[in-house]
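Modelling step: build the complete structure from the supplied sequences, incorporating the hints.
4 protein chains.
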Amino acid sequence: MDFTASKKSRDLLERLQVFMDQHVYPSEHCHAEQLRAAENRFAALPLIDELKDKARKAGLWNLFVPPSHGEYVPHGGLTYSEYAPLAEVMGRVTWSPEVFNCNAPDTGNMEVFMNYGSKAQQEQWLKPLLAGAIRSSYAMTEPQVASSDATNIELRIDKQDGEWVLNGRKWFITGAMYERTKIFIVMGKSDPDNPDRHRQQSQVLVPWDTPGLSIVRPLTTLGYDDAPIGHAELLFNNVRVPLDNVLLGEGRGFEIAQGRLGPGRMHHCMRLIGAGQRSLELACQRAVSRSTFGRALSKHQSVREDISKSFSEIEMARLLVLKTCDKIDREGVQASVDMIAASKTTVPLLVQNLIDRCMQLHGAGGLTGDYFMAEAFNYARWCRQADGPDQVHQMALGKQIIDRYAG
Amino acid sequence: MDFTASKKSRDLLERLQVFMDQHVYPSEHCHAEQLRAAENRFAALPLIDELKDKARKAGLWNLFVPPSHGEYVPHGGLTYSEYAPLAEVMGRVTWSPEVFNCNAPDTGNMEVFMNYGSKAQQEQWLKPLLAGAIRSSYAMTEPQVASSDATNIELRIDKQDGEWVLNGRKWFITGAMYERTKIFIVMGKSDPDNPDRHRQQSQVLVPWDTPGLSIVRPLTTLGYDDAPIGHAELLFNNVRVPLDNVLLGEGRGFEIAQGRLGPGRMHHCMRLIGAGQRSLELACQRAVSRSTFGRALSKHQSVREDISKSFSEIEMARLLVLKTCDKIDREGVQASVDMIAASKTTVPLLVQNLIDRCMQLHGAGGLTGDYFMAEAFNYARWCRQADGPDQVHQMALGKQIIDRYAG
Amino acid sequence: MDFTASKKSRDLLERLQVFMDQHVYPSEHCHAEQLRAAENRFAALPLIDELKDKARKAGLWNLFVPPSHGEYVPHGGLTYSEYAPLAEVMGRVTWSPEVFNCNAPDTGNMEVFMNYGSKAQQEQWLKPLLAGAIRSSYAMTEPQVASSDATNIELRIDKQDGEWVLNGRKWFITGAMYERTKIFIVMGKSDPDNPDRHRQQSQVLVPWDTPGLSIVRPLTTLGYDDAPIGHAELLFNNVRVPLDNVLLGEGRGFEIAQGRLGPGRMHHCMRLIGAGQRSLELACQRAVSRSTFGRALSKHQSVREDISKSFSEIEMARLLVLKTCDKIDREGVQASVDMIAASKTTVPLLVQNLIDRCMQLHGAGGLTGDYFMAEAFNYARWCRQADGPDQVHQMALGKQIIDRYAG
Amino acid sequence: MDFTASKKSRDLLERLQVFMDQHVYPSEHCHAEQLRAAENRFAALPLIDELKDKARKAGLWNLFVPPSHGEYVPHGGLTYSEYAPLAEVMGRVTWSPEVFNCNAPDTGNMEVFMNYGSKAQQEQWLKPLLAGAIRSSYAMTEPQVASSDATNIELRIDKQDGEWVLNGRKWFITGAMYERTKIFIVMGKSDPDNPDRHRQQSQVLVPWDTPGLSIVRPLTTLGYDDAPIGHAELLFNNVRVPLDNVLLGEGRGFEIAQGRLGPGRMHHCMRLIGAGQRSLELACQRAVSRSTFGRALSKHQSVREDISKSFSEIEMARLLVLKTCDKIDREGVQASVDMIAASKTTVPLLVQNLIDRCMQLHGAGGLTGDYFMAEAFNYARWCRQADGPDQVHQMALGKQIIDRYAG
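Protein chains in written order, with UniProt numbering: chain H, 1 to 407; chain C, 1 to 407; chain U, 1 to 407; chain S, 1 to 407.
Treat the hints as calculated values from the structure; they're not laboratory data. Honestly, I wouldn't trust all of these hints.
[To be verified] For each label pair, taking beta carbons as the anchor points, the in silico distance ranges come out as: (1) C:Ser289 <-> H:Glu50: 44 to 52 angstroms; (2) U:Gly332 <-> H:Arg217: 45 to 53 angstroms; (3) C:Gln22 <-> H:Arg217: 24 to 32 angstroms; (4) C:Ala296 <-> U:Pro211: 46 to 54 angstroms.
C-beta: ideal position from N, C-alpha, C; glycine also.
Printed below as a string of structure tokens:
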């Protein structure tokens, strides 16, 4: 038994922490100011570009790329277990993953291109994505149906006159508002009558400026627009793209979705561990800096119980994530759906409640933008819905466990 | 034993519900649009003015005024028990209390003027407040200290050259951003060395345009700025007002604060019951309108358990509020601090969790502005800090109960 | 609005409290000793007989009887609202309800005889039950099926040769072990093929010494056998009783069950409020009597938060029970199934958790028989299963609420 | 990173599981029967002796012994990480650890003798303990004081006439009722005025038949007497033992207590993981074997959510325990007090709630002795008090974490 990360991971971690200390934490105020002052909230921020340059030069770039695609990155690929401690650190500042070209949804989209893209598609889209020159969106969720059940999806992808024609509506399309986003991977139904319900879907590539594709509006969650990356509602009105724009092949959209979403869920969990850990540290610092009724907060038994509980919880959540990563590394994503579902349905809720507790320790100020907790709280809350509501994953996991012990 | 409200209350409730159905619910989209389109987010919205006119004409105005001040209102005053069901209904739309001139912090401030104001102060400020012509703020909380302990307060109110001179900083000053807010009631220390720690404080009136008073910035909670009323950080830099501007008398600030805050907490609780109740109703409507995996949500056992639990919880919370109101009506605020603390520390947390559950049933959309739940969630969360963090009230209540049973 | 009980209820409450102070609390140790020393744990205890005599003389007898059956009792009947505060006080000592002839399952069985019994049945069984001379059991639950769904019941009641013949198995039959129990009301299927699934059942009376009826074993819950009343598993092997022994009529067993169980659930809830309230009081007393690390428990912020939370919870639970009682009093049991289900699924769980918290404050001793909390904890836990698991009631309540708001 | 146990541990695990399947699970009913039929509930059960013989022969004996004391056991010692999966399996049957000579408090006491005993003490007591021939008790907790704070301890150990004379009272002395228990390790104050509060205590050995030592009574927790090992209240009335009976030396009692209790807490946690895991498996089996309202429990969404949640929780708890063990193995007990406290304050509560959920799925039967869950629930509940209430450990852990992040 060995709970330590690999040497490679530990070395990168050390460099990443130095980078965060030198460049990221000191820029948090500046980030807030640039965003507040921006005319267009979905424009790229100068600060991010500066930091991206520095991170690229520091070799802290595309750390999410797994060994199976090691050819794309100088570091040769990091396993999930190796990446987890790094993503955790990035999770300590909600906007920092982009600095390292490790932000959702681009990481997942790049993996899609690596796994399923044609040479031409990789050349056109994967290369600039890996370089951080453009951004991308993944359009799956729909407003009218429970789209966590992929068979409910209604957007139509019809073959007409040697083209794909898309009609339908999507929402919660992360990145769609961002001015740098140039390509959308769109899931829809190309063969809705196929008796095999998992062959009805296809995924096609839609460049951002394709006629007929329009942004209806940005969406907020708990009051946050998550600018500049953001989430949007989209309308596809007779959007036409070449037949070559299909990914992997007609009728294979479900397969791609399955392959894409597991890792994405784990990336969210890794980052949330960092968000929780930082909140815990802030709560400790608050506890020694404030007094009520003649007694430092840190000496109140209730505060110590809160801190103790938060420490234990974040430790357990971290271990669950690491064990899931280890299982993926050894046995692959498909064999690890039980642990992925366990992480996905446990970590966001646990971290949400932990942050809530840490915010409460900060008085009214804890809810403001003066600390990163309120935004991280929103991130955790949102993850309970992202990539499917927890309940859907609990349904699948519950069924699997019942079969395991009572099959 | 009788759980029904008085005839007077029931009659007003019926009229209020009709008003909500006819004028308020249909305007929710318009309110969001006017606010989104506003150049100044803290300007008065035309919609609100229209609705205020209608509410005034409908006799649904200043319903918060208690019988002890019945002379100020045509309805002659409503007890807490009579007002609670009305405030609950107003809580179903977060911005609606202003329509009925029943919004925080103006209600509490008007009560302060009624209870402690001089004739001249009442003439100048109370009258236009009751008419809804101006708005007001109550400046108590400070950023540098745990100000739920009033003896920590640092803002100085010094007597110099026949004037009060104020120096210090306040934050979370609700209404301070609002363009209609004309008067600030400011709590500070006029006699910091007084051995009686509850005689060190005074409250003085500061008109909004007094030189030296400046708004540092608006504050957000969980991403919401609560515009147009909002919350602000304020700087008092040698702010000078006449000696007459003291309320009640020098050294009586603590006494005023005690009298003001109990009722305010109950008003929040009443409205939160309405917020929770509406969320429950939305969840029921959602449950019948969506299906996952071939089964209406309403038929999932887990959904029924959630609905059942939410119904029971909101019923209990409502009863706790009503019994507290009844105690205040019969025995006064001072004798009811136990029940007020029980309500204050129970209802916001319960409603926060209930709304969280109802949002989750709505999928990702539940977190957006398309439903009122996300904003109501923020309101509930905020109330766990407003008027002092729950923990401070639990400390006092716990002590009181221990004394009661083990004294 | 009026939260006070009727004069009649308050007068009885005062007398009941005096009785508890004088006779019951001082006998708790004696009760434990008599039970420990008993050769047969299910024999009647001398202490109980002495106290029953005193209670009867004090007019604190059969307080559960409602006004609709006022002719059976000198007090003329008490409404649910009037009885609730009295049952609460009885709940402060788990074995005390029998002292007042108000214990389950006899109260429910007496109501069955009042509502559905023939004159002859009332003469033979109801009279001695009201006198406290004999005890009774209600045999519904079965070990092999989920018997909260009455259509699952398997015990057969067949008409043969002018007699009812019973065959089957029951368990959790409260009182069946008790040496004074002389009559069993048995639910079974007399017409299992009836297309109306609610006409398949009948209830028949089986005297304890009928051949073929045998006690398989006593049952424990969390280690408690609840002696001397206890719970048992029963075997019916060709048990024969006269046709007259049917209650109300053939095929009306379901109807009787519906009428019987609602009130029983409320009686449990009322008593649990008392169990919770007493635990809270014990916790307060503990808090002032122990110190850790140089500080009285009562001064630890975490203890104050626990006490504060417990006070608020018990208050809410009590109000929920009272409002349910008030609804039953005004509108009847059938119209109140929503509130009965809300009480049944909320109060036992809430009280279980509250007692758990109060036990924890007592250190290891809190789990022993030195305090009444451990036994009360078991009672609360058991009530989450008694009369059907909470989940079954949440299913029904959830459905009803969804229909109400989205019908 | 590597989550797999060592080859040695895995081999033993496989043999242990075979042993459990062949000998222990099939004997559960027999154990209950022998205990029920026993004239003296605290006599040794024949079944246990048979199984002990088999386990000894199978080499599944004294598995708790760590490598530092490998000379005592043929297996050469197992690290905490190696032992944890084995203790987990033993935790699946609450009485089974004794079969493998791995039960509390004997394991901890044997470690005390190994670490602190003189050659003579080891010869007299450790040898027969390792052989399973006798049993032992550890007498620390006192009824009158919060003895989790060792400086509160009141039992006196005075040097008189060349002997130690003990006077005082202890309770919750596990094993004291058991007929095989021959030696008590007793903590008391030999130097109550020593200014160093951690040098006031000594620990001395008291044979069970020493005059003046009497058993006041057995104690129960939630109705369980945990026979035959049990817990007792003891009276020391001028109990005299030779000066040689002191362990390690006068004034070193606190030091011994510190060394003993950390490992003991981890053993409890390991076993509780097994208790939780088995409850989860039972719940899965129940879910497929029962139907309500025409639908197998396993298909109810709420059941799947419960199973999913339980799986995730037990996985997290197991990982927390394993990581703690790994830290102890690498850095020692003293450096691991943070993780030991995290385990001690997390695992029992988590497992208690998990078992509660699994019992609820079993209907009323889940609370009886027909399943092992009720007894395991009691074990988990008890562990929240054993070796000090959770709150005391949270106080220490909270302080340590605050110092770590805000020191």
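Status of each hint after checking the structure:
The given range of 44 to 52 angstroms is respected by Ser289 (chain C) and Glu50 (chain H), whose C-beta atoms sit roughly 48 angstroms from each other. Under the hint 45 to 53 angstroms, the C-beta atoms of Gly332 (chain U) and Arg217 (chain H), about 51 angstroms apart, fit the expected range. For the pair Gln22 (chain C) and Arg217 (chain H), the supplied restraint of 24 to 32 angstroms holds, since their beta-carbon distance comes to about 28 angstroms. Separation of Ala296 (chain C) from Pro211 (chain U) is about 52 angstroms and conforms to the stated range, judged on CB atoms against 46 to 54 angstroms.
In the structure shown, no violation is registered for any of the earlier numbered hints.
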